[in-house]
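**Q** Below, each chain spelled out in residue letters.
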Amino acid sequence: MNPVIEAIDLVKYFPIYGGLFGRKVEYLKAVDSINLTIYQGETLGLVGESGCGKTTVGYLILNLLRPDRGKVLHNGVDITTLQGNELQRVRRNLQIVFQDPQSSLDPRMLIKKTVGYPLEVNRLARGNEVVTRVKNILGEVGLDEDHMYRYPHEFSGGQRQRIGIARALITGPEFIVFDEPTSALDVSVQAQILNLIKELQRRHGYSYLFISHNLSVIKHVSHRIAVMYLGKIVESASRLSLFDRPLHPYTRALLTSLPKPDPRKRHTLGVLSGDVPSPVNVPSGCRFHPRCPQRMEECVHLAPSLAEAEADHWVACHHYGFTDYQERRSQ
Amino acid sequence: MADPLLSIKNLSVQFFTYQGVVRALEEVDLTIQKGEVLGLVGETGCGKSVMARSVLRLIPDPPGKITQGEILFKGEDILKVNRKRLREIRGNEISMIFQEPMSSLNPVFTVGDQMEEVITLHQEVDRGRAKEICIEMLQQVKMPDPERVLSKYPHELSGGMRQRVMIAMELSCRPDLLIADEPTTALDVTVQGQVLTILDDLVRRIGVSVLFISHDLGVIAQLCDRVSVMYAGQMVETALVGELFADPRHPYTHGLLQAIPSIDEERDPLMVIPGIVPRLIEPPEGCRFYPRCTKRFNPCDKIVPKLVQVNPGHHVACHLYPRESEKS
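Listed in order, the protein sequences are those of chains A and B. With this note's numbering as the guide, the letters of the first sequence map in order to residues 1139 to 1469. With this note's numbering as the guide, the letters of the second sequence map in order to residues 853 to 1180.
There are no misleading hints in this set.
Here chain A is said to cover these stretches of chain B; the calculated rule only asks that three of the stretch's residues, wherever they fall, bring their Cβ under 8 Å from a Cβ of chain A:
#	region
1	1002-1016
2	1044-1052
3	1064-1072
4	1111-1120
Taking lysine-lysine and the BS3-like style, the derived pairs with C-alpha atoms no more than 27 Å apart in a straight line are:
#	chain 1	residue 1	chain 2	residue 2
5	B	LYS917	B	LYS1154
6	B	LYS936	B	LYS917
7	B	LYS886	A	LYS1403
8	B	LYS886	B	LYS936
9	A	LYS1403	B	LYS994
10	B	LYS861	B	LYS932
Calculated directly from the structure, the hints in this document are not laboratory data. Because the structure is a prediction, the values reported are computed rather than measured. Glycine included, each C-beta is placed from N, C-alpha and C at the ideal position.
So that you can see chain B by itself, here it is in the shape it has in the complex (with noise of 0.2 Å):
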């Protein structure tokens, strides 16, 4: 296979607060292969944003820092990289789609002088070509009357168009990843539903990578080709996104697929795991999913299982699974 994207090795991320240190992500692995679209699934206080804003270094430090790891983007380590070339891939090779449209737009500009601004940060045109440019990526996103909308404030429009704003934008200069946190947690349904499929369509036909990040299993087996599980700042699982649906080998993810309700089967009572996401200050020792698995034994409680290869392309971080070289 070729090189990957974007690769993510032995990641972690603390955050030092006056309660304690707390390991938002431990050893995290993640890759991206070009034109693919990963999806990034967990509960709350996972990690899930935290991995996403250290592609960028949007970390704050203090309180937080990148403890180790390295993250290759394109064979090059943004880790290590100057503010300089940082300043040249954000925005431009890696763009970001927040999850609420209006925090991060600027209310006090119009959407044209906005998107302008992005264009011709990153890109050696003028004014009058940028504007173009604006025109047709709103286009593209299907946004009616796109002239109009550009001499617009924020706060004009609706969730919806702000979120398909924010994806014209972040696509207006040809980025080779997406990284999309969230991206239509705060819209209703059928908002959500349009949005979705614009992405889909532009992202498919631009040919763009994703990191695609949401806790809606739904969202993630429409739109992504492979899925990251991730808890309590541990990956737990990856794998094609078929093989993760129909066959979950991590007892987490297993748990997490049958405690959604479900439209087409009749599910009754639900499955519950039971008990509480454990905080990340003092986590759990072991696997941090062991106080609440069903299938703990001995090692769960001690040693940390490491991601393992059960099928091609299916990664398992659980002592269920031991490696070739554990196994007796």
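Only chain A is shown next, with the shape it has when bound in the complex (with noise of 0.2 Å):
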């Protein structure tokens, strides 16, 4: 299979200004060195807390914001130094669906108007033909046509969200970003969305990175998951891997915190202490350490890099330290 996607070490710090003279007193280190890669035709699930970097990771990798270090590569090419009219021809390929429909829509703009401007910048169509095109994708994204004369606020945060999917595929994309698209919405709407995204994906072949915090969400889109907490990827597995066998203790953490809806299956939720530290003044060593209810001595101190455990499942962890787990496996 061929990479789509590729982010090679990304690192993205945001200064914060502060004191006197309004100079750069600390960093907020939103992404610190990840690599991702997102074959064709697969979904990417990245979950992780509210703060952890998710967002940022998706605006990255589309050249939203541009990366400290690192680079981004698109079929090859790397995407972070182009500028220009070789940006917005790379673009096209690559796009993005918003988490709240209500804000990413504007409210002045037909959805014709809307939905069509992605083939006007791109010079892609002209006149009727743009709105030939919008009629097409509207049905595909289960909408009429006539929706098309309307303006956002007739709409239901599902619709709305299904305008921001059209708007999305109109330019024929390779690869797209869902910033969690349906936290926004309710459940009975929510599963609406998630089966239309996923009958998208078997239909064209596109590429998705879908960024969650709901982990059942995620188990339900992807093919491979990556969690990430406060800047760094944690573990990184195919789903059936990930949520049969989680490795980090962040990632069982957070598998055992989720409420199931099934009652008899009750226990006890709370199985983590204290909140995620700020990402301005990361813990040393592992990230995870303060919270972590199997910190070893090394934790507190050393970093631990993301290894191969086991096949195809990555886990940055000191319990996992290359040789050491190799002894405990085969004892």
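Put the two chains together into one complex; each comes in its own frame, and the hints tell you how they fit.
**A** This is the structure we're talking about:
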């Protein structure tokens, strides 16, 4: 399989200005050397709690933010150095659907204009052809033709999210970032949108980066999953491997904290103490160590790097320090 | 069975707006027994919060109005009590936790000031004793270093800590009923886990009854004894939690349970409830779910179904389950 997107060693620190002369006093370490590969026709799920940097990763990959370090390869070309026309040409292939369908649609633009705009900007179509293509794409996402002549406020949340999806699809992209596309929606509507997203992938072979804090949603849509904590990827594996055998203590805690909609399976949800630390003052060593129930001496001092603990199951944790883990498995 | 602690009968609430009359609650019944945790579940705009606020008469009037019904709390109709008695009830006998802890704590007073105020208002104790109670309560919600927290301002605390302060504050007067309106929706999943565990422990230990409102069926399944499901201002089903999840009778409840992506089983595609929630200005006549219902038939669009007992303690409002008298 061909990788559509490869992110190599991405770093993004946001400066925080302060003091008398407004100097840079600190950095918010939003994303700290992350590697991701997304293959053609697959969905990579990126899961983590608020403030862990998952949205920043999405923006970096689309070059909506410039990384401080690292590269993003799209079909082998580094897009972080592109500018002007070249960048615009690449962006047709890379699209995004935002979390809040209310604020990501211009309230004063007709849907026809909103959805057709990417075509005009990219000079892909003009006049009547725009209208035809908008019509087609609206049908594709489950809206009616005559919805074209309405404004965003006339639609429900779920329908607005369909419009957001139509706008992303109209340039015929290869790769789409979904940034929490259903977290503003109710469950019954969420199910409709999730089905639509999966169906579109089956039909057209899109590649997705699906960002969410909701583990059950991530499991439903993803082929592979990466778990983020405070700007780092702590575990990445295929979806079955991750849910059947979560290795990192944080992933395990996430899974236990998730309230299951089944009263027969009641369990203690509060397995982690404390809150997610601020990404400005990240803990030393492993960033999870202050909350980790299985903390060891070296976790405080030494940051673990991602290692392949099982076939295609990567984890950044000293408990799976390579030799050590092999030994314990053989016992 | 003993008299219920809270019994809401035939409650209707309407909001009079420029667009028209919003019929937010329509002839809703609800009971909570002593020591019971009742979950109230439904989607956005179904009237869960309106129900909670009506119990404490917190519906802003105008535009809101409780047009009919009664809310019996320990046999006394809250809708008829005078202002003085209402003040005694609020915060003391019935207290409430809101969704967003930042907006329910006052940003210019310390946590200690606010907690002590609640205690000195409702109990005849001096400030020294009030502070002791505060510390005790903060310990019970597993707050690290409670004395230091008392001198902090809300913005210095994290979301999870703020919600724990709210729980401590609301339970400091040992109310008979706690209303928790989506208390963990704004929190991350690991922090939500902590808060729910603390709330569950504390509630069971002091034996307070809880009306727990949530849109998250997972949280409801983990926490509640009994569940009521609402849809567009109508009560559609009530049952013990085990029975509701194992054997949902109302088509809406059934659809809702099937629409959640599950960690434990593969569901692809997800079952979908077609359409969207109706507007509550000019809602559908009859059963408000009928435009989206896959099992609708003749009387659904005309007659509002009443709650009918299908099993002991299991009530459904759906024409699929006719009353004894209506069976032909």
